[in-house]
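Each protein sequence line maps, in turn, to chains V and E.
So for the first sequence, this note's numbering puts the first residue at 1; every next one is plus one.
So for the second sequence, this note's numbering puts the first residue at 610; every next one is plus one.
Keep in mind the hints are simulated off the structure, nothing from the lab.
A few of these clues could be false.
Just a sample of chain E residues kept apart from chain V, beta carbon distances all over 12 Å, derived [unchecked claim]: (1) Ser-630; (2) Ser-648; (3) Val-802; (4) Ile-898; (5) Pro-1017; (6) Glu-1074; (7) Cys-1138; (8) Gln-1165.
Computed list of chain V residues with no C-beta within reach of chain E, every gap over 10 Å [what the hints assert, rightly or not]: (9) Pro-22; (10) Leu-57; (11) Lys-140; (12) Glu-255; (13) Asp-424.
Below are the PhoX-like pairs computed for lysine-lysine, each with C-alpha atoms no more than 20 Å apart in a straight line [unchecked claim]: (14) V:Lys-235 to E:Lys-1060; (15) V:Lys-434 to E:Lys-1060; (16) E:Lys-977 to V:Lys-235; (17) V:Lys-541 to V:Lys-386.
Every value quoted in this text rests on a predicted model; they were computed, and no experiment measured them.
Where a beta carbon is used, it is the ideal one built from N, C-alpha and C, also for glycine.
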Amino acid sequence: MKSEYNPSNWELTRRLIGYIKPYMGTYILINLTAFGREGVYSLLAPLIVMLIIDFVLVPVPGAQNWFIDLVKLRMSINDRSGILFILVGCIFLLALIRFSFFVIHRYFRGVMSQNILRDMRRQLYEALINKSFSYLGQIKTGQIISRVTSDMNAIDLFYSETVRELFRMSLQLGIAVAILLSINSQLALITLLPLPFIFVTMRLYLSRVRGRMLAAKNQFDSLNSVLIEGITAQKLIKGFGQEEAFAARFSKENEAYVTKSLRTARLQSVYTPSNTVIAATGVALVLVFGGIRVLAGSLTLGELVLFGAYFTQIVGPVRMYARLMDFYQDGVVSAKRIFEVFDVGRDVPEPEHPFELPRLKGEIEFKEVSFSYGGTSEVLRDVNLKVLAGEKVAIIGFVGSGKSALTELVPRFYDVTAGQVSVDGHDVREASLKSLRGQIGIVLQDIYIFSETFKENLRFGKPEATDEEVVAAAKAAQMHDYIDSLPKGYDTPVGERGLTLSGGQRQRIAIARTLLTNPRILILDDSTSNVDAETEVQIRKAIDALLEGRTALIITQRASTCESADKVVVIDQGQIIAIGKHMKLLKESEKYRMLIESQTLTLEQEADD
Amino acid sequence: MAEFAGRYDVGSLESTERRFSDWGLVKRIIKDYMLRHMSLVVAMASIIMAKTTLVLSGPYIYKVTLDTFISGTPEPNERWLADIIREIAQTLGSGTATQWLDIVSAGLIYVAVGIALWGVMSLQEYYLNKLGLNIIADIRSDFFLHLEKLSQNFFEYGNTGKLVSRVTNDAEALRKLVSSGIIGVVADLIAAVAILGTMFLLNWQLALVAVVMAPIIAIVTTTLNRFVRNNWRVARQNIASMTGKVQDLMVGAKVTKAMAQEEKSLSDFNKVNVANAKAQIKAEVTANIYEATVGFFSALISTLIWFFGGQQVIGAYLAIGDLVAFTQYTTSYLDPIQNISTFYGEIQSALAGAERIFVVLDIVPDVKEAPDAIDFPEGEGVVELKDVRFSYAKDQPILKEINIKTRPGERLAIFGPTGSGKSSIINLVGRFYDPDFGAVTIDGVDLRRVKLKALRRRVGIVLQEPFLFQGTLRYNLKFGRPNATDEEMIRVAKLVGIHDPITRLPSGYDEEVRERGSNLSYGQRQLVCLARALISDPKILILDEATSSVDPYTEQLIQNVLKAEMVNRTILIVTHRVSTVRDADRVIVLNNGAVQAEGTHNQLVKKNELYRRLCEMQLVKV
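Excised from the complex, chain V in its bound form (with noise of 0.2 Å):
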């Protein structure tokens, strides 16, 4: 998945922010709570100490406070103790108010980033079912794995942190400037002098960290590839006896993924504490710009001190920034490699304006086809074929011959690189990807059981049919019995990727699944049968019902197809050789005869016996 696509931290960024849009109001609520719980607390407090110190503690003379007065008028309170009881309450209770804020804050805070995240994932998902073979084939499950969890993990920081305290640390900074200016300006100018470096330090270390955090996520791609692959193919590994080899492999993944990430990580660790640095110029600037007033007498001490309290202030919101902007980078990281899923690889689109497909009669036709899958050598070429309504065309050839190719151009998996394939007459690039492969039904090779339930395998196609419908379909396809005779019937649910069935039984669940949704074109590969004597014929008669009434295109190997069927179609390396019926083919086809040879000797013989 590396590819051109590099669009500018800018453009991320608010593409980033566009999904607060749906949720603007509680981001609202986020800022709001954000300062109840912060804001009042760090405002108020300091001044209730304030009146503890001068009221209480060490009383000024004749100093006169409303505060102090109300708590004296109307509680009829006197003594240092008893207000002081009352002042320390009201700390307590800006605590209990701090509290509340600081829960509801970071309910919504979670609400918001959750939702943004749920849709993104929708999102992703979606773009993912809507992409073209041609993607999905070269794509790696790892890549995917780790969008779905650890870059979206970064972009939950991303909104939860940065979004959020990148507004109200502004406004703390905001705050405590505008305080220093209002007790000394100059002093202040002269001590916020190194407040700039740190957006000199932002820009050099955010140009640099991007390429290496990219590295390293890409890197974890990687490592998730071959821990899948390790998962999957275990038992390969184990029959091969190469558990130590494949570790090894596995190592230097891991490790690859260790360096890298250390590269990013030497970056960040001078980068994030490097304000330390700023903020401690800053206090020095205090300490001497300000020491030298007081010895001037253009201070006082009080204000020398109250000065230090407030820059210190500052400081939080300053180191923050640091840590702000790893998120921030991080988030903007990921995004990239979520939108890039979004927006790369979308070529066999849906057409601009999709022609809704009738219930179709069910012809085909391939008209000069040549295909190749994306730059490699073609593996079609000038293909010509008519298929009549109602048909059963036998497809056969020689191992690598393209006899998937062809089938796979009807229900537009891939798009032809010239020529033409239309069903009725119509080009299958203008119809709507819908109506098409609604009305394909396809049992191929690789036969996919979902981790689910018999029923929710068998009504995939068609989530609506009934259980009457579901059963009538397992009967056809001989699948019945099976699954009655199991504890939980219908709703036993089958082993990841149909481990716990063998190779009849999920084909025979694919047939079930496609009878169910009715098709009127049919794409059947017959090559993996699992038949055996004793469910050959069932097997049969489920392929029956299955063909009966449509057209039907069948990749096979066997010689008892070919004489069954209307029409047999013979590729060569791309291109179609001989068309005919079985008998006449034998006749005339040197290389269908070579194809069919061995599966009629043997009855030769047993003639001759």
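Following the hints, complete the assembly by docking chain E onto the known chain V.
Chain E alone, transformed into the frame defined by chain V:
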């Protein structure tokens, strides 16, 4: 293959039950993983010490400067630092010192401390990352290696998507546990203890107030703890099932698209997606309540100190300056506790992740190498199943009293209906499972007595599903014997007829195989897998419907190749295709887990009804 007999049940792996205590998990991480990187741990410890000192020294320098040089109220115990500052000032002013220079040099020291702090923090950050990454790499590696050891049945019922989530998400969460969790907590505790010590020196009565609250906080938090952790565990499981869905999509995309069920698939995913978002929010909220509670208590402590300290000031037992200093210390004492609670959510999430990993790590594989396992003696490759009984689940016998013995150099076909136990025989000969009764032997040696590696060198298995690994075709072909030469590889590739198609690819043998590769057809991939097994040079070759998608003509050629290649070797063929079985030296017809008939093709056609019927159906007359 047996249906639904779970020796391992995904359900129980994914249960929400607690299996480890927090402390048990932390102890295990420290003992098994942190101690492996002792030097990094020691480095971290010294960095934390240095950092604490530097952090505490900044305000001290500030205070001393203020007291000594600005307000002119020096305290005797601060003299040593004041002297140092004066000395630096004198060097700066080349002998003549002014108050002005004193302050400047104090400022310089302050900046120097800041720079030192930067350095120390950089190191801390770096080593923290390094330690975290290394530990996580170790855990991931342990997990992975353990999976490779686990027996077959674990995978039959395990959901790979969920396993993947464990090894990616959960391991990543663990990294946080190590960095912000264990190390962060230790650093904070050190700081807390140092500050508490200072507080006791200042005023022990007030210090007691702060200390007394600690057990109350502890009780409240441990109560909340349960909820927090449970919620995080649920959240982690939700992520896992979402990952599973996405993996399902990736593998099953063809079916989904072929049946135009994109919308349904999306709505299914969305259910999991929404559930996940809800679980995450719930977990976060409970974690937040926890954090807020700790914040509340810290405010309570401050309040109490202001109250009792205030009383003392009123009673003139305490100077106002000391009270102010004390409250400042209280905040910094509570800071570490606040920090711990801030990371508490993360830590809990990580602990839930750790638990999910350790649960798998603790599963003991049931096919294990005997401690005194032997290498295979040289032999002819005779496979024997003696009185073998086998089942995946207790009362569902798959094989009943099987007796099969191959002859030296024989090509034996195993033939039988669905569920007859064909695949189980392969699982037993490859020792992916052990029989319940009886023995499987090769050249008279019980498989349970030999080293697994030796066994698998001897037995080559080609499965029906032609799985190719990521990497080049060369890597795939040499997978079973990486040190095979290119000549051998090409020779075998030519034999099975894939050399030409491979050379037509843009990069030939160096072409990258795609995951759901479209650069080779299904049949061609089966041939690559067959070549892979031949290159690994086994004494016994097992073909499990290995050429099901290869046309009969090519298959015939390959059968002849195998005959020539496997002289004096054993071939076990499991297939349904008569054209494949026909050339075998002997055919065993398996039915219902028992041997029903055996003989050559010609014999069976005559004596076995089922066999003949099948032949008639598959073959055509001319």
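Query - Violations among the numbered hints - result: Numbers 4, 6, 7, 8, 10, 11, 12, 15 and 17, in rising order.
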